[in-house]
Amino acid sequence: GEDVEQSLFLSVREGDSSVINCTYTDSSSTYLYWYKQEPGAGLQLLTYIFSNMDMKQDQRLTVLLNKKDKHLSLRIADTQTGDSAIYFCAETGSSNTGKLIFGQGTTLQVKP
Amino acid sequence: NAGVTQTPKFQVLKTGQSMTLQCAQDMNHNSMYWYRQDPGMGLRLIYYSASEGTTDKGEVPNGYNVSRLNKREFSLRLESAAPSQTSVYFCASSEEGGRVGYTFGSGTRLTVV
Chain A
1 GEDVEQSLFL
11 SVREGDSSVI
21 NCTYTDSSST
31 YLYWYKQEPG
41 AGLQLLTYIF
51 SNMDMKQDQR
61 LTVLLNKKDK
71 HLSLRIADTQ
81 TGDSAIYFCA
91 ETGSSNTGKL
101 IFGQGTTLQV
111 KP
Chain B
1 NAGVTQTPKF
11 QVLKTGQSMT
21 LQCAQDMNHN
31 SMYWYRQDPG
41 MGLRLIYYSA
51 SEGTTDKGEV
61 PNGYNVSRLN
71 KREFSLRLES
81 AAPSQTSVYF
91 CASSEEGGRV
101 GYTFGSGTRL
111 TVV
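Residue numbers (our numbering), protein chains in the order written: chain A, 1 to 112; chain B, 1 to 113.
What the hints contain is simulated information worked out from the structure, not anything from laboratory work.
A couple of the hints might just be wrong.
[Claimed, not checked] Derived CB-CB ranges, DEER-like:
(1) B:Ser80 x A:Gly15: 45 to 55 Å
(2) A:Ser73 x B:Glu95: 19 to 29 Å
(3) B:Thr15 x A:Lys67: 43 to 53 Å
(4) B:Glu73 x A:Ser27: 32 to 42 Å
(5) B:Thr15 x A:Lys68: 17 to 27 Å
(6) B:Thr20 x A:Asn52: 27 to 37 Å
(7) B:Ser80 x A:Ser73: 37 to 47 Å
(8) A:Ser51 x B:Val12: 23 to 33 Å
(9) B:Gln17 x A:Phe50: 25 to 35 Å
(10) A:Gly40 x B:Gln17: 37 to 47 Å
(11) A:Val19 x B:Arg77: 34 to 44 Å
Remember, predicted model here, so these are calculated numbers, not experimental data.
Think of the CB as a built atom: it goes at the ideal place given N, C-alpha and C, for glycine as much as any other residue.
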């Protein structure tokens, strides 16, 4: 079956790097995504990576994909208090209907 | 720049009452989705509509019905609300296939007492 797992909580100091990890089960996923949810708001797409890529960098964000281990990570460099939020990993799975399977979300707490 | 609009933002229902959550998008997206978010469980798909005129069940469809009224609008109906349906409900839309991800609404916080 399709499943996405994340750790539930991460705490870092302002200025440090944050690494949020995700494992998924469906190796046929074409795209993998990271979403950010701020308190009281909907989810906002941060970045996505195509399954034939190993890495994608976008300003302070670096996404690493290890297809062999079915492991996805999001690194946030120079973490700021404004980065405090819940981060969701998601995969497309084997369906071509556009359905996404989400992880439970990782709450990132950034301490000043 | 409205994107995906959900109404209402908050609602309290009594057990057994019915209500419809409304969702509209102005991005000409083909696909629309309804998810519920519960603490520690991430987002679970209730129903989705891959294109106008089609709807399909997701992971947790029991107790819900949907209507894809037209390309813009996708509503979620609770016929007889139960406390287990207390949750935050999100509507989302995407281009066909969802390859560039979803655009989410801001959510409806529903409490059933």
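Each hint, compared with the structure:
1. B:Ser80 x A:Gly15: 45 to 55 Å: For A:Gly15 against B:Ser80, whose Cβ atoms are near 52 Å apart, the range 45 to 55 Å holds.
2. A:Ser73 x B:Glu95: 19 to 29 Å: Taking Cβ atoms as reference, A:Ser73 and B:Glu95 lie about 26 Å apart, which means the hint holds.
3. B:Thr15 x A:Lys67: 43 to 53 Å: Since B:Thr15 and A:Lys67 have Cβ atoms about 47 Å apart, the given range 43 to 53 Å holds.
4. B:Glu73 x A:Ser27: 32 to 42 Å: holds (36 Å)
5. B:Thr15 x A:Lys68: 17 to 27 Å: Roughly 49 Å apart at Cβ, these two residues miss the hinted range, so it is violated.
6. B:Thr20 x A:Asn52: 27 to 37 Å: Given a distance of about 42 Å, which is not inside 27 to 37 Å, the answer is violated.
7. B:Ser80 x A:Ser73: 37 to 47 Å: holds (43 Å)
8. A:Ser51 x B:Val12: 23 to 33 Å: violated (43 Å)
9. B:Gln17 x A:Phe50: 25 to 35 Å: At roughly 45 Å between Cβ atoms, A:Phe50 and B:Gln17 fall outside 25 to 35 Å, so the hint is violated.
10. A:Gly40 x B:Gln17: 37 to 47 Å: Violated: the Cβ-Cβ distance is about 25 Å, outside 37 to 47 Å.
11. A:Val19 x B:Arg77: 34 to 44 Å: holds (42 Å)
Checked against the numbered hints listed earlier, the structure breaks hints 5, 6, 8, 9, 10; every other hint is satisfied.
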